[in-house]
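One letter stands for each residue in the lines below.
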Amino acid sequence: MTRLDATRALVALAGDEPIVASLGHPAYDLFAAGDRPANFYTWGSMGLASSMGLGLAMAQPGRRVFVLDGDGSLLMNLGSLATIGWERPANLVLVVWDNESYATTGGQDTATKHGADLAATARALGIAAAVTVRTPAELDRAVSEAAREPGPWVIVAKVSESTPIAKPTLDYVFIKERFMAAIGCGEPVVPGRRR
Amino acid sequence: MPVAPWAVGVCAGLYAAGSRHVVYVPDNPLSHVLQILREDYPDVRTTIATREEEAFGIAAGLYVGGARPTVMLQSSGLGNSLNAITSLLLPYRIPALVVISMRGDEGEWNAAQAPMGQAIRPICAAIGMPAATAETPETTAATVEGVGRKAFDERLVGACLLPRRLTVPPPAPGGRA
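First to last, the sequence lines map onto chains Z and L. So in my numbering, spot 174 of the first sequence is number 174, and the numbers just go up one at a time. Offset between the second sequence (1-based) and my numbering: plus 1000.
Just so you know, the hints here were simulated from the structure itself, not pulled from any lab data. The model shown is predicted, which means the values in this text are computed figures rather than measured ones. Possibly wrong hints are sitting among the right ones.
[Stated by the list, open to error] Examples of chain L residues lying across from chain Z (beta carbon under 7 angstroms, computed):
{"#": "1", "residue": "1049"}
{"#": "2", "residue": "1050"}
{"#": "3", "residue": "1060"}
{"#": "4", "residue": "1066"}
{"#": "5", "residue": "1067"}
{"#": "6", "residue": "1171"}
Built from N, CA and C at the ideal position, the CB exists for glycine as well.
Isolated chain L (complex conformation) (with noise of 0.2 angstroms):
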């Protein structure tokens, strides 16, 4: 699998942030963000979680136990994720750097995607979450650590999203649409 810039973005702002151990629940692009952290950055853990909302318990006792957690899920599982994050994480000021691969947006081909990925923002506003998007391979890894500092300052659940257009490259010329 070729290194994708990004993914490289992700784990280096992750790290700068202070952030040692992911929860996750995997997807396509995110496992680019997985094999990088296996092969590059030994000392951060990581822990498969069966469904995002565990992913959000788990990140926030890692927090209470002096870790600064990231929490990484597809934008599928954010419905998952909210009574987590709305009656522990926020009531208590738990932080998190949260990390969403997006579906849904520009490019999507799956319409069982679409409603939610498309309210990804409404309901990060909606809640309190502060989100913000990764532009270009180029700004992901200071957008991410970014994120994370001011969540782990401030004490708040914030979400870097990563678009399709910024994780799925183009067909190449010729090939399917």
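The following block holds chain Z by itself, in its conformation from the complex (with noise of 0.2 angstroms):
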């Protein structure tokens, strides 16, 4: 299955529950299966999309908060699996397109080409929700059952790599507090003072 085909059976998945992307293609893919408020598109801080959606989880305990990393993101940041396995908000979901190649800067191989298991690190880390999907009904069953029950998941997905078609805003400010609107945290607004 292609990473797009994926993000769009997942994001049919989400309802409105707010999902995070890690930038580069993963956020790309997600504009284009579906651009909705409840989406945050990073655009930078390669590595810190699982964080982000930690402390969503951990601010935000009744909603299923999904976030969507790649596998050279997430390697970037293997601690992460480390705190999320010992907070074990049991709200999130962590969606890694694993596509065994840095996609977004040229196709250089990741270590998961060569080995590396990130599911199996997820669960020595503490996530006992950790599973490896490889076809599209894998991976619905896989997100559909990570909806409802308690998690934290860990749900890696191998995909191959799919041309981006779309990329969303570069305003980042409008992304941010189009997505707080929409999960019921806008940001107070500060009322203009006259001298």
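Take each chain as given, in its own frame, and dock them per the hints.
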């Protein structure tokens, strides 16, 4: 399955719940699969999507928080899995689009092409519900269960690379404000002042 | 461990700024703050991160989820944090109160701490992160609160530096220098 097809399936299963996407191709494909206010597109901070998802999951325990990470990005911040494995937010679903390459930067191999197993790593760091899926049916089953059952979940989806077909806005503050309003956390308006 | 008045001030200041979640990478002086939070602030949650950059990522998620995060770290960890601050918090205008326990300033004994410690203020200025200094135990609460209020009102990343002259007690008379 391509990453774009997998992202479309994920969006269909996520309902109105928030989705945080890692920079580059995961964010581009989330936008292409379905732009919606509860999407948070990162444009930098490689590796931190799972950390942001953890913070959001702790602040919003009543919501199911989805994160779309990449294998290269997660490899940059493996400590995040240890922290998630310690905090164990039941409402966090970390999906890793594992194409075994740094696709956004030109397709260099990642360690997952050479034996690194991110689901096994997650289990070893305290996240029991960590699985690897390889087909659309397996992905659908895993995400459906993760949307329902207590987590935290790590779903490593082996995907093939697909050339992105769209990119989200570069207006970062708009992305944030729209996202926060969509999940009921709109920022307080700071009133103007008269002298 | 005797209660350090400056640490009481840090806790009071971040609480008064509305922060109820502290994400941190520990250091020795900050252990005083953590002990007070544990004992006297049952509604303040703390999360330990494996690395400072990760702490800022968690803080960003807390903020978009409606919380007012505090990040606590040692000055050496600011280097680990720069990509998170400059490519996530600042461009999206995601605020945080940042409490930095200083190394490498006056009284430092470890040369490995000196270059970063002495560069903290220029680095903060260069990336657009205002940095105040807690000068005395008596003023620490007001300084931390002021930095936090400004950060959350103006959606900035605001730092409050805790110098070693504040956090490390002078050696007892007759003790080793």
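Status of each hint after checking the structure:
{"no.": "1", "hint": "1049", "verdict": "holds (6 angstroms)"}
{"no.": "2", "hint": "1050", "verdict": "holds (3 angstroms)"}
{"no.": "3", "hint": "1060", "verdict": "holds (5 angstroms)"}
{"no.": "4", "hint": "1066", "verdict": "holds (4 angstroms)"}
{"no.": "5", "hint": "1067", "verdict": "holds (5 angstroms)"}
{"no.": "6", "hint": "1171", "verdict": "violated (36 angstroms)"}
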